[in-house]
Each structure stands twice: as structure tokens, then as C-alpha cells.
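Since the structure of chain A is provided, determine the placement of chain B on it from the hints.
Each chain, letter by letter, is given below.
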Amino acid sequence: MFDNPSFVLKGILDTEIQQKPVPEIGANEILVEVKKTGICGTDVHFLVHGSVGDFIVEKPMVLDHESAGVVSKVGPGVTNVKVGDRVAMEPAATCRKCEACKEGRYQASICPDIICAATPPTDGTLTRYYRLPSDLAYPLPPSLSLEDGALMEPLSVAVHAVSKLGALRSNQSVAVFGCGPVGLLCMAVAKALGASRVIAVDIIPDRLEFAKTYAATDTFLPPSIDKGEPGVAFSTRNAQAMKEKLGIVEHGPRAIDLVLDASGAEVAIQTGIRIAKSGGTFVQVGIGNRDITIDMFAVLCKELVLKGSLRYGPGDYSLAIALVASGKVDVKFLISHRFPFTQASEAFEITRNGKSPDGKGVIKVMISGPDVDINEV
Amino acid sequence: MSDNPSFVLKGILDVEIQQKSIPEIDPNEVLVEVKKTGICGSDVHFLVHGRIGDFVVEKPMVLGHEAAGVVSKVGSRVTNVKVGDRVAMEPGATCRKCEACKEGRYQLCPDVIFAATPPTDGTLARYYRLPSDLAYPLLPNLSLEDGAMMEPLSVAVHAVSNLGALRSNQSVAVFGCGPVGLLCMAVAKALGASRVIAVDIVPSRLEFAKAYAATDIFLPPPMEKDESRVEFSMRNAQAMKEKLGIADRGPQAIDLVLDASGAEVSIQTGIRIVKSGGTYVQVGMGNPNVNIDMFVVISKELVLKGSFRYGPGDYPLAIALAASGKVDVKPLVSHRFPFTQAREAFETTRNGKSPDGKGVIKAIISGPDVDINEA
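Quick note, the sequences are listed as chains A and B, same order. Quick note on numbering: the working numbering labels position 223 of the first sequence as 223, and the sequence is numbered without any gaps. Quick note on numbering: the working numbering labels position 249 of the second sequence as 249, and the sequence is numbered without any gaps.
A portion of the hints provided could be inaccurate.
[Claimed, not checked] Examples of chain A residues toward chain B, derived with CB under 10 Å:
(1) Leu13
(2) Arg105
(3) Gly252
Treat the hints as calculated values from the structure; they're not laboratory data. Here a beta-carbon is modelled for each residue, glycine too, at the ideal position from N, C-alpha and C.
Only chain A is shown next, with the shape it has when bound in the complex:
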């Protein structure tokens, strides 16, 4: 194919499929024919608000970044993949030369010259062809479908949060706030790495039920917030209820070693800080409101380590793929909806609504590439 239809965000709530030039590739790069792309909450946020935090969409941009495809062309010097290989795509090209890259922290937070798909101003992967440094294309083992491949991106986010930053060890206990795709994948990684307890928290009972069938050992549905109750008071009450119901303490074998927030909600963060053990780790992966009030006294007296987690870094994609290939993590379960490329706009609508017109709740929506059948795996 010589054309390159692309799903472009022109402005707030304004999208269009447009032709864009097929990218030229250089040495050590490959051209991938994108087959499957999952929708991420940040893409929806760009669509609806035109920005995520300090990332602002200033000119039209192709959306999305969770993809897998087939290698269409390889540049000089490429040895790890060949034309026709099915690959998962790590959509963030870094400079290799700065201090961050050289000291093993190439992730988005730190390399100043990172080029991330669908982070303004860089075009994303909802297109026919995407250009990528060859080392960021990971061959998919035969047991993984292209849809599995597209899910390697959010799974790598979970691996980064749980395994890399959370440093979860076998038999430790984990609590995850937020049962969206990232939260669910965090639970799956925790389970795969041998967590003794994986506690899921969400305010929507259906999502908790799903988490229980997927990877959680325990679930907790917070009580409702009382009319006029300040957030801090609610969180204190919520944490107390959670500790009582689940037999959680601050020291010893019933303490929670690692807490992750994948919701971005202030009361979840506040509660999470309260239920983490003395000396525990809290990883913030969900992006919500910027200004969050936390109990610094609890952080101080418990010597908590609070870490921000952004995307993924060295080794995360490889571990994600290995966990799925070995059967330790099942990502297929999370695909709730599938759309052809021509219905990308509807796909975003449904993700935004949280459910399709038939009432089915959204977990992960998959959009196929141009001319790719939604059932082609």
C-alpha cells in the first residue's frame, strides 16, 4: 500500500481520517504496518480537553500509542527483526546520549529529547505505517496474537510500576486502587510475581467483580462519602473500614507492602497512604487532578517512599512479553470492544462513555489498522 490513512486529532472533539506521507526510515529504523491499537485514557483526555497535565496539543496530531503490527521495511543496520515479523511496538524513541539514557533511565520523565507517539507534537500509531527505532520493536512469540501485542504497552506500564518501581518481591502483599485496565494489569503483574495478596479497590461494584475473576485475591468497595464530608475525613474513615474488613495492620505479616494508585482520585491516594505499612512503598501511576492533599505526617512517621511512575523504561517491555508468553499474565481477557479503523471515532466515543450502547462496560477498546479485519489476530 502506498497510502497512509491516519486518525488525526484536529482540535477538541474534532477528529478526521486524513492521508499523511508514509514516513522515510533511516539506518537502524524500521517501518511497521500497524495492525492493532488499543485506546488509552490519555488519548481520550487529549480528545476531550486538548491536554494532559503540561502536554498540550497545539497542532493536529495522530492519536494513540498502544500498538502492534507487522514489519514492512527495515533500514540499514537492522538485525533484530525482518520484514514480515509480527512485533509489539514500544512507542518512545529516546536520544541514547544524555545522562538519563546512559544511566539506564530512558523513560519519558527523564530523557529530555524523548519522542513519544501521541504526546504532542509527535504523531501516534493510529495510522497505516509507523516508523520506529528497530530496538523498540519486539518480536511476538507465536503464542501471542497482534491484539496481545498491542496490550504490551499498558502491560509495560504495569510492569514498570509494580516490578521496577514497586520492586515487588514474592510473597509481598499489594493493594491497587482503581480497576481500569492499568489497575487490572498491575494486579496481574503482582499475581504473576508471586504476591501473597492482591487487593483491588474501586467504587464501581462491576469493576471489582471483574478484578476478582481476573487477578485479585480480595476486593474492597469503599463506603459512600457522607454529604458535606471533607475528603480527608472520608479517607480516614475509608482506610479504617478497609483495615477492619481486610484484616490489615501497619506492621508484620498482615501489613501491605506495596500500594499502587491507578485511579488518580484524591481520596484513593489519601486512603492508600494510610493503609500502606510502616516503611512501605506507594507508587502513583494514575493521572488525575494535579493538586492532591496528602497526609505528610503519615508519610513521615511511617517513612513511606512515594514514587511517581511514568510509562516504562529499560527491561519493562521484555518482562511484559515474557509474562504473557509464559502464560503468567493473560491480557486477552481485558479486550472488551473491537472496531475497524473506519470506526475509530465511534471507538473513542464508547471509551469516553465507559460503555457501548448495548450496556457492556469498557475495559480495553481495540482499533484495527486500515484494511485490517477486526477478527484478524
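Chain B in isolation, oriented as in the chain A frame:
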């Protein structure tokens, strides 16, 4: 001496010197005749509010925990010190048996017995009983006042060296130029920091920091009428970056930020000026509920650590830094009081300055019958 006069907190703002029984010691403990005790902000807070967070003063309690003295009696199994030794006193006896103690983080022991944290009596008495391994002999070039300063210096060592993991040539910013902030700067300098930036809203404290251990100082602009704290902090951080040539990455970035003020705007500013991928250590205690920009924490993958007291190795490093001359704690002793004027010592500390106008950094109270000039 067969008596044990003790400075007791009876209730809010209600103190009295009372006789208390001399503690009995067990085979692994020592009895120390306390010679010098420094006043900490937490002691003042208990005096004024009767509580700190969940630690509530429910019955009368002896104050003070930053102390040094002379060993008066040793238990039968004690080998590391002998009667007559001058020692710095680490005032937190832990259980040794719980997970936290065994894995090397005894500061988190849930059963810690800590001087002047309710319900445990503190060191403002003639005698204090201590496990012998928490009594550190003072080298000849360290005075008893230096010995008392080892407690806050250990807090600084714990924050900068242990949790901050500061390495030579890294750059540090410290918010708050009280004794702990100043000591954090001194530790950073001693460990080879390339840059030690001090921040405070009181110009004279900044001047002192510059003379003491800081390479750079920054005085935040005044807050504007109707400006929210978040807006102020953004403006403050921007001003700080411009004035001091601070970047988010590379050699002009700040590797480690410590807050020793507990003030929300300092914490908010600190999070903005620390480098991408940097470490932020919270050692100052202020209002518990602090509003922070979580997007910055996420997008810069910050590591934010709470720092509580001190743990294994912190006291020995503090003493070594002081004994080798790398850290000088003497300039921080601003006021001295005899035991009989302990109440006035607390008044002065609470006021932030003595009647003659001299600003308080650290006020030291001598033990019963100890001359204030006895070093």
C-alpha cells in the same frame, strides 16, 4: 547524687521541676548522669499543644531527648562503656525482635521507647537509663554540648546520607534554616555536595546559613494578596530557578531536595525544583495535610521519602563527621541555661529569640547542678 530532679510537663504550658525515682538498670543498660540537653521543636510542641499527631501527653512526662552525659553506673553485661565515660545518648530503645528491627530499620519499631514521646520520660533529669549500645563514647575533641547536638545531627545524617543517599558532587537544596535544616546543609557539605542551596523566609537565618554551610541562598518573594499557595509556589519555583540557574536535567539540576520547614509552600516549591528523576526527603513536620502537585511527581518520576528520626549507623556517622572536623556543631548553640531555668529556656525557644533580641538556633539546658559553661 541520690536525688533525681526532673523537668516535668504536667499539662499544656504547665511545667515543674519534680523529684522522680532514680531508674534501676538491667544487665545490658547504663545509667547516665545527663549533663546537657538541647531543646527540639517537638518538645516545644508538646509543651504548647500537649500532642503531636497521634502522640498525646496523657500523664505528666519529663521533657527533652537531645542529650549527652557521663556514665554513672553500668549493668553487669556492659562492655562498650565504663563509669566516667562521656557519652552521646541515642534516646530510642527498640525491641530488637520485630521485622523492622531485624531488617535494619529500627526507627520503625512499633514498640520503641523514646525519651519525651508519651508516655516515656525524657532526658531533662539528673539520670537517664539507656541500653548500653545506645551510649556512644565521645572522642576527646568533642564536648558534652557537641554530644547533645549529635541527636539532631543524626536526624540530618539519616535524611541526607541514608534516605537521600547523597553522593559526592551532587547538588542539594534545603528548605528551612532551623537547626535541622542547617545540619542537613552541613552533612551535605561534609559529604562533598557541589552545591548546597539554603531557602528561608527570614533573611538573618539565610545569612547564618551562608556563613555556616550553604553555597547559595534564596529568599522567596513575598506572597501576593489573593494569591493561592499553589500559584505562589509555581512563581516561587520559577524565581528560584532563574536566580540560581537551576534546570530540570543535566549538571545544573538539583539532585536532592530536603524540606526541614514543614511549610506547605516550601514542599510545593521543592517538588518543582528537584530534577527529573530526583529525590525529595521530607524531614520537617508541619501541618499534616499538604497539597502537592501529583502531576509533577508522576511526570518527573520523583521519589518522595518521609524521614523519621534515625536508624542504624546514623549516630556513628554523625559522631565521626563531628570528631573529624567535617561538621562543626558548635556555631548552632545560641543559648545556654542552667537546669533551674529550664522553663525560661523553653520560653525563649518558643519566642524564637531571647529578651536581648538574639535569635534562637539551639538552646541547651545543663543538667541539675551542672555549670552552663562546663563543656
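Checked hints:
| no. | hint | result |
| --- | --- | --- |
| 1 | Leu13 | 23 Å, violated |
| 2 | Arg105 | 6 Å, holds |
| 3 | Gly252 | 6 Å, holds |
Comparing the model with each earlier hint shows a violation of hint 1 alone; every other hint is respected.
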